[in-house]
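Chemist: Sequences and hints are given; from them, build the entire structure.
As a plain string of letters, each chain reads:
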Amino acid sequence: MKKVLWAGALGLLMPVIAAAGEYNITVDRVMIDTGDFVKEGIGYNGASPGPVLRFKEGETAKINVTNNLDEATSIHWHGLILPFEQDGVPGISFPGIPAGETFTYEFPVVQSGTYWFHSHSGFQEPNGAYGAIVIEPEGREPFRYNREYVIQLTDKHPHDANRIMRNLKKMPDYYNRKQQTVGDFFSDMSNHGFMTTLQDRLAWGDMRMMKADVEDVQGFTGLINGKGPDQNWTGLFEPGERIRLRFINSSAMAYFDIRIPGLEMTVVQADGNNVQPVTVDEFRIGVAETYDVIVRPKTAEAYTIFAESMGRSGYARATLAPEEGMEGAVPDLREAPLLTMADMGGMHGMDHGSMDMSDSSDMSDMDHSSMESMDHSAMEMEDSEQPGSDMESMDNSGMAGMDHSSMIMPEGGASDPFYAEGSGLVPVAANGGKFLSYADLRAQKPLYEEREPTREIELRLTGNMERYTWSINGVKYEDAEPLKLQYGERVRFKFVNETMMTHPMHLHGMWSILDVGAGQWNPVKHTVSVQPGTTVYMETEVDAPGQWAFHCHLSYHAASGMFRKVVVEGGPDQGNTVGIKAEQDGGDA
Amino acid sequence: MKNLTLTALALAIVVPSAPTWASDMPEDTSGRKDALTVWGVQFEELEYRYSDDDEELGVWNGDAFYGTDDLKFRWLGKGEYAIEEQAYEQLENQLLVQTPISDFFDAKAGVRIDTPEGPDRTYAVLGVAGLAPYWFEVDASLYVSDEGDTSAEFDAEYELLLTNHLILTAGLDATVAFSEDREIGLGKGLSSTETGLRLSYDLIDRTFSPYIGVVHERKYGDTADFAKAEGGGTEDWFAVIGARVGF
Chain A
1 MKKVLWAGAL GLLMPVIAAA GEYNITVDRV MIDTGDFVKE GIGYNGASPG
51 PVLRFKEGET AKINVTNNLD EATSIHWHGL ILPFEQDGVP GISFPGIPAG
101 ETFTYEFPVV QSGTYWFHSH SGFQEPNGAY GAIVIEPEGR EPFRYNREYV
151 IQLTDKHPHD ANRIMRNLKK MPDYYNRKQQ TVGDFFSDMS NHGFMTTLQD
201 RLAWGDMRMM KADVEDVQGF TGLINGKGPD QNWTGLFEPG ERIRLRFINS
251 SAMAYFDIRI PGLEMTVVQA DGNNVQPVTV DEFRIGVAET YDVIVRPKTA
301 EAYTIFAESM GRSGYARATL APEEGMEGAV PDLREAPLLT MADMGGMHGM
351 DHGSMDMSDS SDMSDMDHSS MESMDHSAME MEDSEQPGSD MESMDNSGMA
401 GMDHSSMIMP EGGASDPFYA EGSGLVPVAA NGGKFLSYAD LRAQKPLYEE
451 REPTREIELR LTGNMERYTW SINGVKYEDA EPLKLQYGER VRFKFVNETM
501 MTHPMHLHGM WSILDVGAGQ WNPVKHTVSV QPGTTVYMET EVDAPGQWAF
551 HCHLSYHAAS GMFRKVVVEG GPDQGNTVGI KAEQDGGDA
Chain B
1 MKNLTLTALA LAIVVPSAPT WASDMPEDTS GRKDALTVWG VQFEELEYRY
51 SDDDEELGVW NGDAFYGTDD LKFRWLGKGE YAIEEQAYEQ LENQLLVQTP
101 ISDFFDAKAG VRIDTPEGPD RTYAVLGVAG LAPYWFEVDA SLYVSDEGDT
151 SAEFDAEYEL LLTNHLILTA GLDATVAFSE DREIGLGKGL SSTETGLRLS
201 YDLIDRTFSP YIGVVHERKY GDTADFAKAE GGGTEDWFAV IGARVGF
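The listed protein sequences derive, respectively, from chains A and B. Heads up: the first sequence runs through residues 1 to 589, numbered per UniProt numbering. Heads up: the second sequence runs through residues 1 to 247, numbered per UniProt numbering.
No lab work stands behind these hints: they were computed from the structure. Honestly, I wouldn't trust all of these hints.
[Claimed, not checked] Keeping only pairs whose Cα atoms sit at most 27 Å apart, straight-line, the calculated DSS-like set for lysine-lysine is:
1. K108/B / K228/B
2. K33/B / K72/B
3. K227/A / K298/A
4. K188/B / K494/A
5. K476/A / K33/B
6. K188/B / K476/A
7. K170/A / K228/B
8. K298/A / K170/A
9. K78/B / K476/A
10. K484/A / K494/A
11. K188/B / K228/B
12. K78/B / K484/A
13. K56/A / K445/A
14. K476/A / K494/A
15. K170/A / K108/B
16. K33/B / K78/B
17. K170/A / K78/B
18. K170/A / K484/A
19. K188/B / K170/A
20. K78/B / K188/B
21. K228/B / K78/B
22. K108/B / K72/B
Modeler: In structure tokens, the structure reads:
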């Protein structure tokens, strides 16, 4: 461990003599044309998305950011390991960049891979202030490719983000047009019978929860590299080439299920860190995550990159083709998923509704309502220390206990250890093939020595959908004390999702080592998705002094309270002096 | 020995710098640390009513608020304007503060000022509003008038989604008086109900939703007798056309 620290310290000093990758970025008001609508937004260097910033591992990045807006701005380098003063979170890393001023970010580039950057001020990011970062490694990469493309996704909405926030606060289902209707009642009735359907509706109505509450913000147009489905961003290739696609989900709210019909994708990197290659037909990318995949089209035809939002309310589309203008078939959107009681499994701690869910510690106490066996399955998940290794035993074990008579469950019974048993959100590949799971991810090379965590911190992801308040351990950011970590410790975070929404949790400044049950081969990420009704563990080597943001990366969840400041106490202070200097050089502070 | 000196040296460097380090940390003065403030304006009903007695009314039921999760200021306004008589049959404004008391319910308190054609009244208001199980929006208020009379109003609403844009809304509003206020024609006991059924279509987001519907108004007991004595009816059916408007 000491060695690692020393290496880190050396790493901080070395780039001073290395060549600098310097960029000038202006933050501007821009027009964003999605093909469906044109909307004023915020961009970089006159466009949204902004430029792809390319760096080389080992050099010093120097980025002069000029704020042409009439409000303060900031840029956060998502996933980059750097001194906290360079992290770009107003009020936590630095004061922000006032209107009309230039701030110079300067930090050593100590990693490689695919990352992104975005404003961390207000709702500038969902309004368009984002771009991609590609860092070339110092050494050889463990995979080969002939060409590469950044595939940066977003969920551009015709409404300004402030208006969306206000609408959600007024009426949480304002944008939800996938709600169950009278027609759905009748079609469920013909499939499951009247009593089952009625009981199903009553069970949900009693909780005041909606099965269709998968995507809060619908009505967006999915963009790839700033292009809507009709504008069809196209990447060219020669048949037989290996193409590296750097997928980045820069959405405010939307998860995407991505496939390229006709091509297998070999996932080689997740969140900037190489993983042991795994070949899949489809994968789900959480908000703020990145996945690098390699595809090898052998024939001279057009392939569609198809990215359906998780709630199937929208999609992004692009094309890989041997020449400009060629198009592949665009699939139809699949049916929207519905939550099940399993996805509510985490809610037993809450006061909601009158279901007897309160005493989950002793299951024999529970009345035999329709909820009981679902709870049971959710608890199995929690008890499982190593979700990845438990796949076999979990498969359908809970399903047998389910009271089918009073519940409408999805067919198929697909399972993934990172979803609640019986969850309605478990993704299935469109072609029936392999869908990537977190459980498939293995680090290519461990970044840290394996060691026991020094302590565990439980973070319950909490909220109230009807009020659209989101919180951690029931406390919103405005009321929360900072989370204090000690420099040098290894913390095991236990996320318990007690809400019915998926939360992509992002810790700034330090890596999130996702526990998939693979020990030292656990993948190293910067954003960890926690599905409803599940418990997910991640470990963090607390090796970055200063203070950092830690939040759900869904823009409107972060803004309504699912956010924390993390203070790392102790540790070497050279990181700070570097930062203070930069601050003096840069803004007016 | 060497180790000791090094430790002492390290301490000497670290200790004096520690307080400066702490004070150098930026305070979160960005808006994020403040409670989110939200506002909204909505007219649940903004409609023209035509009764089975050929009476024509302009009716609204509006709501505006400003505030945070913990504290909201709210205006509620109801009015019935008789078009032919050019008179307000009902004109009611409430100014309230509202705060959560449970996951799904808020408590509210404030004043209600009634200034229709005829005698005016001012009331103190205490109420609860929220979402009951099975998706019923409910609102219950207790009123104490400047004349010392108490009454209560209960309002429930249910939305049936025929499609995600075509919505059938059923509403019930009932008033109960605990003491008689003869001057404004309010008798003791259940005094009146208003039941409505409106079919709306969300034309522009949830900002503008035109609707058609029927409304049934009925007076009971002494209230009905008072109305009869003044030559009024005790029961009305209305055809309504209007729009739900919200910003």
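Chemist: For each hint, tell me whether it holds in the structure or not.
Modeler: Hints versus structure:
no. : hint            : verdict
1   : K108/B / K228/B : violated, 35 Å
2   : K33/B / K72/B   : holds, 18 Å
3   : K227/A / K298/A : holds, 26 Å
4   : K188/B / K494/A : violated, 59 Å
5   : K476/A / K33/B  : holds, 9 Å
6   : K188/B / K476/A : violated, 47 Å
7   : K170/A / K228/B : violated, 42 Å
8   : K298/A / K170/A : violated, 52 Å
9   : K78/B / K476/A  : violated, 35 Å
10  : K484/A / K494/A : holds, 16 Å
11  : K188/B / K228/B : holds, 16 Å
12  : K78/B / K484/A  : violated, 52 Å
13  : K56/A / K445/A  : holds, 19 Å
14  : K476/A / K494/A : holds, 18 Å
15  : K170/A / K108/B : holds, 17 Å
16  : K33/B / K78/B   : violated, 37 Å
17  : K170/A / K78/B  : holds, 20 Å
18  : K170/A / K484/A : violated, 34 Å
19  : K188/B / K170/A : violated, 37 Å
20  : K78/B / K188/B  : holds, 22 Å
21  : K228/B / K78/B  : holds, 24 Å
22  : K108/B / K72/B  : holds, 9 Å
Of the numbered hints given earlier, the model fails hints 1, 4, 6, 7, 8, 9, 12, 16, 18, 19; all others are met.
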